[in-house]
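Chemist: One letter stands for each residue in the lines below.
4 protein chains.
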Amino acid sequence: MYSFKNDYSECGHPRILQALLETNLEQVQGYGEDRFTLEAVELMRRRMDRGDVDIHLFSGGTQTNLTALSAFLRPHEAAVAARTGHILVHETGAIEATGHKVLAIDSDDGKLRPDQLQAVLDLHSDEHMVKPRLVYLSNSTEIGSIYLKDELEQLSRFCREHDLYLYLDGARLGSALCSEENDLTLPDIARLTDAFYIGGTKNGALIGEALVIGRDSLKQEFRFHIKQKGALLAKGRLLGVQFLELFRDDLYFDLARHANAMAALMRDGITRLGYGFLTHSPSNQIFPILPNRMIDRLAEHFEFHIWSKAGEEASAIRLVTSWATQEDAVAAFLAEFAAAQG
Amino acid sequence: MYSFKNDYSECGHPRILQALLETNLEQVQGYGEDRFTLEAVELMRRRMDRGDVDIHLFSGGTQTNLTALSAFLRPHEAAVAARTGHILVHETGAIEATGHKVLAIDSDDGKLRPDQLQAVLDLHSDEHMVKPRLVYLSNSTEIGSIYLKDELEQLSRFCREHDLYLYLDGARLGSALCSEENDLTLPDIARLTDAFYIGGTKNGALIGEALVIGRDSLKQEFRFHIKQKGALLAKGRLLGVQFLELFRDDLYFDLARHANAMAALMRDGITRLGYGFLTHSPSNQIFPILPNRMIDRLAEHFEFHIWSKAGEEASAIRLVTSWATQEDAVAAFLAEFAAAQG
Amino acid sequence: MYSFKNDYSECGHPRILQALLETNLEQVQGYGEDRFTLEAVELMRRRMDRGDVDIHLFSGGTQTNLTALSAFLRPHEAAVAARTGHILVHETGAIEATGHKVLAIDSDDGKLRPDQLQAVLDLHSDEHMVKPRLVYLSNSTEIGSIYLKDELEQLSRFCREHDLYLYLDGARLGSALCSEENDLTLPDIARLTDAFYIGGTKNGALIGEALVIGRDSLKQEFRFHIKQKGALLAKGRLLGVQFLELFRDDLYFDLARHANAMAALMRDGITRLGYGFLTHSPSNQIFPILPNRMIDRLAEHFEFHIWSKAGEEASAIRLVTSWATQEDAVAAFLAEFAAAQG
Amino acid sequence: MYSFKNDYSECGHPRILQALLETNLEQVQGYGEDRFTLEAVELMRRRMDRGDVDIHLFSGGTQTNLTALSAFLRPHEAAVAARTGHILVHETGAIEATGHKVLAIDSDDGKLRPDQLQAVLDLHSDEHMVKPRLVYLSNSTEIGSIYLKDELEQLSRFCREHDLYLYLDGARLGSALCSEENDLTLPDIARLTDAFYIGGTKNGALIGEALVIGRDSLKQEFRFHIKQKGALLAKGRLLGVQFLELFRDDLYFDLARHANAMAALMRDGITRLGYGFLTHSPSNQIFPILPNRMIDRLAEHFEFHIWSKAGEEASAIRLVTSWATQEDAVAAFLAEFAAAQG
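First to last, the sequence lines map onto chains B, R, W and E.
Position 285 (the first sequence) corresponds to 592 in this note's numbering; numbering is contiguous.
Position 85 (the second sequence) corresponds to 392 in this note's numbering; numbering is contiguous.
Position 111 (the third sequence) corresponds to 418 in this note's numbering; numbering is contiguous.
Position 256 (the fourth sequence) corresponds to 563 in this note's numbering; numbering is contiguous.
I should point out that these hints are in silico values taken from the structure, not numbers from a laboratory.
Careful: at least some of the hints might be erroneous.
Heads up, the list lumps identical chains together, so a pair's fine if it works in one copy or across two of them.
[Said to hold, decoys possible] Subject to a maximum C-alpha distance of 25 angstroms in a straight line, what follows is the list of computed BS3-like cross-link-like pairs (lysine-lysine): (1) K312 with K526; (2) K616 with K312; (3) K438 with K526; (4) K616 with K438.
The model shown is predicted, which means the values in this text are computed figures rather than measured ones.
Isolated chain B, as found in the complex (with noise of 0.2 angstroms):
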């Protein structure tokens, strides 16, 4: 049975573990002090235009999150973030864990803008409410969406007027960055924010997300959080390793691409059989809207997550594509349906 459940059901690309194989057996510093991260963490500042910023490479997406965030923040202070946010709902509390609240804010397309953050910072007057300090975004967002260049520096610029800090989980930054509506670079993304992540694991690596941090401020002794976290591997040339071979050339973006392009064919194929999608999704996770019989039929087939129910006898599914996707799995898909629709 085709998944399309997630973009982490295969494991790594496969240069990236050639390239694991090739260095294997080389001996060199741990903890991330070894000569592949250094290198990689090279490459990705060039790619952004930004000899300055301090990078650390991570496992996973919430360990990034909690780290950055619990070292960022004094006791007292709030992340703020969309409803539909990873760390509001989806890390078992992993921020409120390292004791900070974590204000929610509703939002339709899964993105924030100033005139919300306004709101929040309007009713958080005085010391008997916490302070927000740090603003939460994905892109993409956790329902496809993207941000645009002009929405990011409408944040960014209400971020530094506001003294909030501005944080951007990539855990599908490639996905964001490659997409045909995006028109943000990696430079502005580096830019706008004071601190970012880079995400590998949904976009080809093993695992692996790389933490980008802008401001100096955030930089100083941020080490001692990784290890104080659980997140300073011994081998840490297992994460260097695999970033040096995404960014050595264009891997990364490639395979962002052919994800992108793979999501786009099964939109396209959607909206021509007649159905319509709960969210504009130009990423790569879209979110048909059908009928459940139709669903259930699919389901024979092919793995997915059921989202949310649309009504009675409708329901919105998650079909997620990755840089492993296969074009033949898509147009089975699509026939499937097809021949389904009858």
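For chain B, the structure is supplied; the task is to place chains R, W and E on it using the hints.
Modeler: Frame of chain B; chains R, W and E shown alone:
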């Protein structure tokens, strides 16, 4: 320059990389619910004759320790460890960061005894002090010593009599169990502790530690804690495939035996050259005490840690061997040593 | 300028100060083990027909809430509260600071219903999300409403069926239980919840809240938590003497009745003047909606909180009465109001 | 039975109760913004010749320590304390519960010296270990010793040179500053530390400690932390009125002087009877070493703590005097002692 600095200078054993390659494109479930992890868990359970234990795979030792201890302990409860214990000194306060004190016991050989535990219990008599609740052991210890069966049985009995959890950090459990002096088995460890972990990172895995929970009350809802601490890998298969390969046959133990054999070669050679050791270590870490000028000379050709001063003119160094240590390298070290001695 | 801003503008009821004076130089045990505290606990137990409950005295409500909830919950467990709940907004993230998420339920009247709890349970389905474990109620609520017996019984039944703890914040429990609309008794509260507290600070004490723990499993080693959170007073007698005086006879309830009577006077007067209220409040807090120019006029002579906007031209204000509110002051307020209305 | 068990067996000094009575019904602002607190803060600032310090009032010492340290320290930073330090042993892991390790220094006299701090800094060399950041002193110490000016100046200089915060727990600061051997003043304490607290509970207040923050960077948004830790009293006046009375004239110091005088009487009497002491204590706690049969005899008539064993036949006991200790009681104790000695 050849390194005896630690047992994670190389990456993974070739059979493990091969297994990753072979399973790479197979679609499986995420978050440790893949077939590789399930099968690895079954194999490990069989190795310890315990169908009932829960086993969870982690990326590293600090992560394993902090997730387990914070899940097991209530807020007012504390862990007790030897002063050399990894959680006490070398995890950047990871346990304290989850809210729990770690009480230290002075110990020359890195091991704990019931009378020392009794003294801690005697001191902590009421609610103005933390309540000692979990005893943390390492086997082998941070200074290379190992627990004998009788010693672990005494500790286990004491802990049960005093309602203390017994937790064993097995970062180097392979080396301990394969030591020539060892009389403990994996089933013994499972029987005598409430929880322990089988270290992979320092014994041939790219990354990976397998936490084994034997006491029923500690098993409950444990996956919530893994996720909350950022330790639940989307591609949990990365850990599953490795432990499957390590426990498919005797690979895990073969690798540890090799590491021990290399350490024994080194130990015997150094002894023959007339030098003594800081501590009795029958495992893969040895701590010879050498004149500082000899250390300087060896450091021109080999990497190792200087562990502690031994007077003005000498120091203890730490030499660590691993599954990957080459016999030639040990011979070269000893030859250099002999030559230096003139 | 007379204040209706809150119920803690004055200090303590004269009988309480008198009791402190009379017992002042008697030597007693520290840390809440004095004879006054023991006797106060006995009196309160008798009031709720429950010899088996544990009772601990605290200095304030936030302190009580954070100590209780962090002692009751395991790290992955969350509290559920109405969006107006004090712990959600007005305690500076105190619960999150102990590591626990507080899930919000929208509620117009500040109260919770089983169907709302069910919806929260439905959403939190696996280990990627926190586990809702404790339901936090306030009675009276932060907006003056109170729970009826039938409502609390339904909630209690639901919580027991779903293994949820039911916790009731009684900062203003006196006012709730003495409301003309109330049909609950202190024994009912003790029977229907797992823990609750009897608020003293807002009902005549200098400081003091009495936490009552009814469920056995939540009682264990609770004093450790009090001490750890900095809530164990060396001179615990300061709390004991006060609760002894409040529950020696009907003083606690007499004071609440007075506060309610003053609020009723105010409410009736405002109603007669032709104005309505934000919420139905039969307790000592009322929220009339008044034209902004009327509010400005009243604010020249009286202190109160402006609670929320009600369109462009009007706002809801909060008027709070207490054991110390003078009938003359209420009359003066209403007279000023009438005069302003012309 | 007369108690020398501690300095909080009685409640508050009569003048303090009188002040509470006189101000009782005056309506004032809540949460420490009342006129009493503001005036008390002004008086204390004047006493230390420092108009610039921030002063916050708390209910107890553990609460003060945990709020201050958790506000001052980043997650990876640790406190350093003498092994006898109150935060290390007698606060149920309150500091660790906020996420911070407390590093212990062995000290015979309960005091710290720069060379001991240097040794701790030397050991904590990289990000695998916590970063020592705050030095915790007590004055007087938990075993009755006091810091001399030269000692505190050396510590202060060392801390500034090594970017360490210097924090002084003044639970018994009154007794220390009024000791006959003391050469420190309140302005000295303010000048040489970054923060400290003036203990009220053990020197005549019902409850109350005044935290003084001198370093600007530590002052920021401190009230958020007070609220978050449950330490912001609605009726903050309860603390304000007390400190206003204590510092309106010399009351605070007069009370401490009385306590010291009573301890001196006791110390001299015991010395005359031929017994020695565990530690040199020129403050209100003394620790005579007595034969166990003598201790048993005295315990028939007086309450005190047995502190530690001194061989098989003798023990050190702790005798504490306070503002309320009666000279007659000291005389009775010594008479009983002399009689017992026969």
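Chemist: What label fits K616 with K312 when the C-alpha limit is 25 angstroms: within, between, both, or neither?
Modeler: Answer is within; shortest intra-copy Cα gap is 17 angstroms, inter-copy 46 angstroms.
Chemist: One pair to classify: K312 and K526, alpha carbons no more than 25 angstroms apart. Within, between, both, or neither?
Modeler: The answer is neither: 36 angstroms in one copy and 28 angstroms across copies each exceed 25 angstroms.
Chemist: For K616 vs K438, is the C-alpha pair at or below 25 angstroms within one copy, between two copies, both, or neither?
Modeler: between (35 angstroms within a copy, 22 angstroms between copies)
Chemist: If the cutoff is 25 angstroms on CA atoms, where do K438 and K526 land: within, between, both or neither? Let me know, please.
Modeler: For K438 and K526, both the intra-copy (21 angstroms) and inter-copy (16 angstroms) Cα distances are at most 25 angstroms.
The structure does not agree with numbered hint 1 stated previously, though it agrees with all others.
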